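Participant: Residue numbers (the numbering used here), protein chains in the order written: chain A, 217 to 1064; chain B, -16 to 374.
By construction, these hints were calculated from the structure, which means they are not laboratory data.
Please note that the accuracy of each hint is not assured.
As the list claims (entries may be wrong) - Each computed DSS-like pair below joins lysine-lysine, with the alpha-carbon atoms no more than 30 Å apart:
id, chain 1, residue 1, chain 2, residue 2
1, A, 311, B, 98
2, B, 100, A, 297
3, A, 289, B, 93
4, B, 292, A, 331
5, B, 100, A, 321
6, A, 440, B, 154
7, A, 289, B, 100
Quantities reported herein were computed from a predicted structural model and do not represent experimental measurements.
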Amino acid sequence: MNSLLQRSSRNFLWQHPWQLVLAILGIALGVAVVIAIDLAMESSLNSFNQASKVYTGAATHRIIANDGGLDEKLYSQLRNKGVSHLSPLVTGYVKLAQAGEDSFKIVGIDPFIEKSFQSGWQSGQKENVSPDLFTRLMSEPNTALLSEKTAQNLHIQLNGQLSLITSRGQQSLTIIGFLPNTDAVSEQVLAKLIITDIATAQEVLDLFGKLSSIEIQLATDATKFEAAIRSMLPGNALLVSLDSQEQSLREMTQAFSINLKALGLLSLLVGMFLIYNTMTFLVMQRRRLIGSLRLLGVTRQQIFTLILSEAFLLALIGTLSGIVLGVLLGQGLLQLISGTINAIYFRIDATPLVITPFQLGKGMLLGMSVTFFAVLLPAFEATRLSPVKVMARSQLESGSRRLIKVVGFLSGFLIIGGLAVAFFSGKSINLGLASIFLILFGFGLLTPMLTLCLMKLIECVFGRFLGVLGRLPVRMVSAEISRTGIAIAALMIAVSATIGMDLMIGSFRQTVAQWLHSSLPADLYVSLPGDKMGSDKFLFDQQLKDKIAQLEGVQMVSTALQTKLIAAGELTKTTVYELATKSKQSFIFKHSMDDSLWDRLENQPTIIVTEPYAYHHALQIGQKINLKTNQGALGFEVIGINADYSGDQGHLIMSRQIYRRYWPDLGYTGIGVYARAEADLQQLESRIGQLLTAQQAVKSNQAIYKASMELFEQTFTITEALRWLSAAIAFVGVFSALMALQFERIRQLGILRSIGITSSQLSVLIISETGLMGLMAGLLAIPVGFIVAYVLIFVVYQRSFGWTMAFYFNAGILFQGIVLAFIAALLAGVFPALKMAQTHPAEALRTE
Amino acid sequence: MKTNYLIAIVLLLLGTIWLQTFQFPSTSNAALDSQKHSSSAKNNGSLGAVLSNDSKGFARAYKPQAFSFPNDHGPHNQFRSEWWYFTGNLNNPQGRQFGYELTFFRFALKPDLPKSKSAWRSNQMYMAHLTLTDVEANRFYTDERFSRAGNELAGASNKSYQVWLYDWSAKTEGKVDFPLRLHANSNSFAIDMLLTSPKGYVKQGDQGLSQKSPEPGNASYYYSYPRLETNGTVSVGGKPFSVIGTSWMDREWSTSALSNEQSGWDWFSLQLSDNTELMFYQLRRKDGQHDSNSSGSYITADNSKISLKDHDATITTLDSWKSPHSEITYPSRWRLSVSSQALELEIVPLINDQELNVSYRYWEGAVKVTGTKQGKPISGQGYVELAGYSQ
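Work out the full structure: start from the sequences and follow the hints.
Facilitator: Quick look at the structure:
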């Protein structure tokens, strides 16, 4: 009996290849997006970890300092006081003289530290990484190790030269050996790495007297030892465990990651609809067959198992192809994600895609369980009714109509619940996103009811003018609400999510643009990159500033130094300003203030914090933040909170006068130039340009505005890409649902043909039905999209990034949403319409 | 005395610093091989390329020079290698016996220091060895470390006696040299001792010039403090023992290397109960023949030195011991006769297993001495070093 059932199932499935393919595609795409996001995100974070393993090895802790760097004497003090298992590092970035190459990371190491670190460069078992290599590295200036692959790519042979461009000009290193790479992953990690002796690194990077960090290998239970080390550290240094550092990197990117994963989940949910739809179709199509089987004595149990095993097979194929697709897609997303992390969070040097069985297993589980979940309803549907009732469709529809009313109440409950979750869930990003899902789902459930109402309305209003053929599509939508309702709901969800996100991004863009306009008050900006540790940098910077100030046409100058200070035990971005009168107006405060604020900022230990910083640290005006100064810890009062969209972690703002009281002068990273009204800006720009070195640059405020907006667009590339991906899945879903619906009705349409309706009339009928559904979905998506945008802007994004932004309405987006839904539905009708038009009525009647 | 072979050690040590322990059984051969390369000036791309290429640019010891202190306690960076070598026998009040070795080695990787603003730029490399022999527990502890001389991580001073590598140090508590504080600790053991010198130093060889082979310049500058009163603390597993005893210090610097035919040496430094000391090193040749470059000295109670040539002393091996770690068989009991002094001594290691399984493997252990001098019983203690043994 079982084999007979299986054969009937197999034969049936083979006869509907399109449905099969679409169902598998649905699962595969949903799983692929989820896996791709997961892989790309994890790989980006992992690569950060893995790359550092090459030079930190088994270190457990790290001593870091603010941008002034660690004094190298600290290392010898620790060593000479008996602290062992230390590894000093000097790191920095250089560009290759060869054009078109990215920047490389130079890591200066001490080759003679404890072997127990087992750093990548230490564990070389290749013959060319021999002991003498380390003595050469130390004793011969300008020698370096490079990965063999990179050397090949750059056509550098052993003892060949690698030309670099550093802040001191062009310099060349002799490659005396190759870094060992144990597998493909570490090879990629090594690709942009140059290992040198610490002396060479200091010379190349011009970081004399300084260390970037000291890595420490501590035993697992060494809290006493940790405390002892802490007591030996100067004011600007911090001992952190690598675990906690990794943790904080993860936390930093958490909001970003959660939002991406939510997008992935959206794709999966839309994919789930696709599976549901296909399985329902496959069950519906077989109502007669199932009824007959039941009459022949097949039990409910067997039918249920049959449906589930079909679903299992589909899920398996879909999930497996989804995993393959996900890995491919992940490769593409990796660039986007690591690009974004690079741009707004921290530097990632190389990102190989790391695939772990755990992640694949997760995707597998997700794909399989979503399929089972989606198929449960149709499976119950197929077995619920008695054999006789199963034979009649009308039974199902009248059942559905009762259900729709119940669901209507439920949906109201979900929507209100969703809104409640959105506004009363504190700071949780997850709950904020969950509320969006609840709201979307709630409206989705409400859709069939609304559809019925609207169809009735259309019929009442337009029915008189349109005649039978006009009323038919409207009636068809209502009559098969169990199918059409769900298709409209799915389309509505996808379109409203798109509208919501579009509105949100648009509002965000507008907010950032306005903020940028007001925060770039100077006419020209000079950027002064290069290392901030160079001991004499501030002298050169000072001279440059004076020279610029004396140029003809310059009214005033302001300066900024972007640095990092240790605030509340964490390295925190800080901007140190020397403000000109005009630049004070560029601050947008989130509260009322008066001019005494500037006075206090200049003369008292006070700071302004940016809005994200205040949000993440729950800070209010008047509270104090503990900063580690070079003379010990000191509380700085928060006297202002200002709008800032330059990063989601936020930063501190301090006056130069106060900064210099407590920290060493590191020069400037930027000089703002205010021109006199009559000055020729282009001329001034070129005159300033003549004062600058190759590493420095002068840009107009428009150029900076443009570059900033480009960066903004870049960070949203990934969001845009994913949104389109889920829209594409939704499209496939709706397409397949509508097509299935039409094919299911072949007989019905055949009857219509045989009672005299022409094939072109039939085409119009079909297309207008699907078009009507699309329109319905589009119309409903507008208010829902608005609500989604609202929750995204005022709940999710504020919680994720600490930004408040204004809501900007854009009618174009709404229009776009409706058109999207309408066209998707219309297109889905074209294929069945064409096919029906070609089918002979008798044949259509025979199909069943 | 160790001078000739010191160079070989240098080569060996550096050549094997980063090799795995299991590779060591063959290292004594490797040492000689690298020596061979160095003498034939072949650059084979190994460590020899850095260190043993040739001694061009380095200073060499051609003729005796007056030592002046504290200057000569400090580093002689223009010579290729140098060491500050401490060994000693100690007892706690209950008679528990300990032996220790603390040695600082300096190697010049290049003759010149490149000009740089970086404090890490250095051509000088330091290595240190620390051992402790716990006779009662029959345990031998070892540790080693390395560092460049840059950034005050390691170095030696010529202003007053001070040599250090991280927190291991030998540092005077006086103005020039003594009293001298030795301080070094490892995870499981530590020493902290104060050394005084009632007897003073002797210049080894010809007024401090210790010739290794007939070739001029193939020599080292070498002086010893053969009897240093010692008291302090040794710790084993966190448990301190206050101890007193006698130490021996050797200072030696040179550029020259071992000859091709030599395979290793047995070195004896013995402190006898009549306030005299004996130092003798016997060179071994690869062909098993007697090496005529062996030599030593006998230091009388009034600190005058009697030089010993190779034929002045006879050493007979009475027993052997096979290391369970390296499978190397070492001699483990000797009879040493110095006919000119009518000295007949039997030398026995306090424990057999005093093999240093560090980057360069050798045996260096505390020994007990019994015997006769001019027919009268005499006793003593000391250290023996066995280098260049292989399986």
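Participant: For each hint, tell me whether it holds in the structure or not.
Facilitator: Against the structure, the hints come out as follows:
no.	hint	result
1	311(A) <-> 98(B)	25 Å, holds
2	100(B) <-> 297(A)	25 Å, holds
3	289(A) <-> 93(B)	25 Å, holds
4	292(B) <-> 331(A)	43 Å, violated
5	100(B) <-> 321(A)	21 Å, holds
6	440(A) <-> 154(B)	29 Å, holds
7	289(A) <-> 100(B)	14 Å, holds
Checked against the numbered hints above, the structure breaks only hint 4 and satisfies the rest.
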